[in-house]
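Q: Sequence:
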Amino acid sequence: MPIKVSQAHLEAELQQHMPAGIKKVLILGAESTGKTTLCQDLAQHYQTQWVIEYMRPYLQHKWDTTQSVCEWQDLMPIAYGQVATENQQAAVANRYLFCDTALFEIMVYAYWYYNECPAALKAAALSHHYDLILLTQVDVPWVADDLRDAPQQREQITQAFIDALTEHNKPFLRIGGTRQARVKQVTQWLDAGL
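Residue numbers for the sequence shown follow numbering that gives the first Met the number 0, so the first one is 0 and each next one is one higher.
It is worth saying that the hints were derived from the structure and are not from the lab. Every residue gets a Cβ at the ideal spot worked out from N, C-alpha and C, and that includes glycine. Keep in mind that a hint or two might mislead.
[What the hints assert, rightly or not] Restricting the straight-line Cα-Cα distance to at most 25 Å, the calculated cross-link-like pairs of lysine-lysine (DSS-like) are:
1) 121 <-> 61
2) 169 <-> 121
3) 169 <-> 22
4) 183 <-> 169
5) 22 <-> 183
6) 121 <-> 22
[What the hints assert, rightly or not] If you anchor each label on the Cβ, the simulated ranges turn out as follows:
7) 138 <-> 86: 14 to 20 Å
8) 19 <-> 73: 31 to 37 Å
9) 62 <-> 161: 25 to 31 Å
10) 12 <-> 171: 25 to 31 Å
11) 151 <-> 14: 35 to 41 Å
12) 65 <-> 170: 35 to 41 Å
13) 186 <-> 20: 16 to 22 Å
14) 151 <-> 126: 32 to 38 Å
15) 14 <-> 177: 35 to 41 Å
16) 18 <-> 80: 33 to 39 Å
17) 170 <-> 110: 18 to 24 Å
18) 12 <-> 175: 30 to 36 Å
Using the sequences and the accompanying hints, generate a full structural model.
A: As structure tokens, then:
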């Protein structure tokens, strides 16, 4: 017998926790543009936590066990896992929390691949707050893996992010350059109180 879950329960599962004194930095971007590396480097610099892209271990497990790629029905479990991971890390962060993706990115990719997005995911994505949103440039070499599938579409996906961020009035800064240059630029912005 299927278990019925209320809409209120689903919305609670997508609720973002905002601990006092923690600034959240969201890093968005196309595949293989240095998001994870930048999050790790910034977390190390500020001796704090960072949030993994939950979609990657979720879909890697799916690929390893079924040789299947992401499907529509995976979107909500990925969304729940992303929010839970972010909330767990926010509870133990030190001043900053660096997020390697968020529901906003899952929403953009839902529209990219399926031309639609689950309503609860979109509502939560648009309500979540970040103190700084960074969009990575396509200026690092493509690194293939089991999950990445669009090396020739990184510029178009980046434009989809720009369009969505602009449409939904989400201010953002673009970040590019070498690994060291990216870290230097972000730390300058953060240390200046941006």
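Q: For each hint, tell me whether it holds in the structure or not.
A: Hint by hint, here is what the structure shows:
A C-alpha spacing of about 24 Å is found between residue 121 and residue 61, which places the hinted pair at or below 25 Å, so the restraint holds. This hinted pair checks out: residue 169 and residue 121 have alpha carbons roughly 14 Å apart, not beyond 25 Å. For the given pair, residue 169 sits about 16 Å from residue 22 by alpha-carbon distance, which is consistent with the 25 Å threshold. Between residue 183 and residue 169 the alpha-carbon distance is near 23 Å, which keeps this suggested pair within the 25 Å criterion.
Among the hinted pairs, residue 22 with residue 183 is consistent with the structure: their alpha-carbon atoms are about 18 Å apart, no more than 25 Å. The straight-line distance between the Cα atoms of residue 121 and residue 22 is roughly 22 Å, inside the 25 Å bound, and the hint therefore holds. The supplied range of 14 to 20 Å is broken by residue 138 and residue 86, whose beta-carbon atoms lie about 32 Å from each other. For the pair residue 19 and residue 73, the supplied restraint of 31 to 37 Å holds, since their beta-carbon distance comes to about 34 Å.
Between residue 62 and residue 161 the beta carbons are some 29 Å apart, a value that agrees with the proposed interval 25 to 31 Å. For the pair residue 12 and residue 171, the supplied restraint of 25 to 31 Å holds, since their beta-carbon distance comes to about 26 Å. Remark: the range hint 35 to 41 Å for residue 151 to residue 14 is upheld by a beta-carbon distance near 37 Å. In this structure the supplied range 35 to 41 Å holds for residue 65 paired with residue 170, their Cβ-Cβ distance being about 40 Å.
Between residue 186 and residue 20 the beta carbons are some 19 Å apart, a value that agrees with the proposed interval 16 to 22 Å. Evaluation of the 32 to 38 Å hint for residue 151 and residue 126 yields a pass: the beta carbon distance comes to about 34 Å. Checked against the hint of 35 to 41 Å, the C-beta distance between residue 14 and residue 177 comes to roughly 37 Å, which is consistent with it. Checked against the given bound of 33 to 39 Å, the beta carbons of residue 18 and residue 80, roughly 20 Å apart, lie outside it.
Taken as a hint, the range 18 to 24 Å holds for the pair residue 170 and residue 110, whose Cβ atoms sit roughly 20 Å apart. For the pair residue 12 and residue 175, the beta carbons lie near 35 Å from each other, so the given range of 30 to 36 Å is met.
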